Amino acid sequence: MKYLFKILGKKKGLRQTGSRRWAVAAEVAFATALLLLGLIALVVVIVIQIRLSTPEAWYFSPLVFGVSLVVIGAFLAIGVIRILAVLWKVGASAERRGAIVSRARDVELLNQLTSETQQLPTIPQEKDLSMRRGDRLRFRLLSYGSTRWSLLTVGSASAFCAMIATALIVLVIDSTVRGGTDWIGVVLATALTLATVWLLVQFVKRLLIQTAVGPTDLEISDLPLVAGKAYALFLSQPARLRLRLLELVLECEEQATFRQGTDIRTETMVVYSQLLFRKRGVDVEENQVFQTAVDMTVPPQSMHSFRSKNNSIQWRIRLNATVTGWPPIDRRFPIVVIPHIAARVSA
Amino acid sequence: MRRPVVRLRICNSKSAYQPGDVLECECSVSAPEEMKLQAVETSVIWLTEGKGEEDLGVHFFDRRNKDDVRDGDLGTMYRFKTQLPNSPLTYDGKMIKVHWVVRACVFYERGKELRFDQAFCLGPAKLLETKSAANDSSANTVEEQRWGA
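Chains as they are written, first to last, in this note's numbering: chain A, 1 to 347; chain B, 1 to 149.
The set of hints was computed from the structure by calculation and includes no laboratory data.
Being a predicted model, the structure only gives us computed values, none of them experimental.
Think of the CB as a built atom: it goes at the ideal place given N, C-alpha and C, for glycine as much as any other residue.
Be careful, since some hints might not be right.
[Claimed, not checked] Not everything, but these chain A residues come out facing chain B in the computed CB check (under 7 angstroms):
| no. | residue |
| --- | --- |
| 1 | 163 |
| 2 | 164 |
| 3 | 256 |
| 4 | 303 |
| 5 | 310 |
| 6 | 339 |
[Unchecked claim] List time: in silico EDC-like cross-link candidates among lysine to aspartate or glutamate, alpha-carbon distance up to 16 angstroms:
| no. | chain 1 | residue 1 | chain 2 | residue 2 |
| --- | --- | --- | --- | --- |
| 7 | B | 36 | B | 113 |
| 8 | B | 94 | B | 34 |
| 9 | B | 97 | A | 330 |
| 10 | A | 309 | B | 34 |
| 11 | B | 81 | B | 62 |
| 12 | B | 94 | A | 253 |
| 13 | B | 126 | A | 253 |
| 14 | A | 309 | B | 49 |
| 15 | B | 126 | A | 251 |
| 16 | B | 94 | A | 251 |
| 17 | B | 97 | A | 253 |
| 18 | B | 112 | B | 34 |
Can you make the complete structure from the sequences, with help from the hints?
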């Protein structure tokens, strides 16, 4: 009963009457519905204007067409803005959002690192370090990952398929009404509709996993890392779903770019992988965060981070998490490793 | 046609150099007079090898033209030294290898060029054995976990 929305209930403790999880889900569902409605309406209006209208028809008027475009544009804009707002809100912690807004102090921090690493040719330097000042440890690492890009790709593909499928459906209905059924159109429309539904399911899954697992905060005691030295990590992971597996891995990856005919290809290979932390079954209650301290030693005599025009060696800490029935979560935190002797010489 | 003989030698030769070490080299070229040497370049460079396109970085470079030396004789012994940088270290990876070499390039008439390399090790860095995630007992245990708001 406590999750039922109370119209006249007094808010005790929290500023909400219901669950935050449901609030986010409802907001996402509403924004997605608006976006889809706008897209479908746009296609219908354009198809009607191009194929079905006659100059005598009332809906052929430029005024009606203009007004419908404005209304549809409003639907699309509200849908996109609401989805982006939800992603922004749940995709980064309040501290990180604050840090992104106030970049000024980070510039000072980066300048400090520049002087430490300028004597290290081919080793990525300050602009490649994705980090902020940490709360518990010295630096907070920021992840780069394919989550948002895959969300954007799947979202765009589903929107594109939905538009084409709608156009085909309108054309098929039109041909049926006029007396002849376009069977090729029916087959294509059915296939595209199925593809659209599948893509939408994938999009919603990714969107929900992004909102349900929450941002990862990973702090580290020092940067850049020196081969052979030990460091402390602190992981904070909110999880609104039960995580079947949560692990942190230190990885070194080689990346080579080469020409093959007229194509330019890039190949990667993880050449070193060290498990730092693993826990099965992470169950976090509402408004709580899973936190753990982790020790890490960069292997002595290991190759340092390296970057040239066509080749690179990248170190990173990788968070892997799995939730039953959902796509795996993969977040990568790039780090820079310098050779032990270089640290001594540059000190 | 006879080829020029290039003697490229690392004077303080050792199995591996460390960043900051001084590398001393000497280079001499013996070429028949009809070859008419135009220039000799000496350099200390790193280069990559492997799956990717080759990259090259120059740490030290010197070019001696025919007009720059006494009597126009480029064959005389030439010594040079340089302090080695902190990186990149020599590396023998799976897809990428990083090598350091002392290189001498001899240029003679009609734009022809001959190249001689003398390899050496800086560091080097090791290719590590991957620790299997499933069998790794050194991973942090979960006793350290704690819950926070």
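**Report entry** Hints the structure fails to honour
**Finding:** 1, 2, 8, 9, 10
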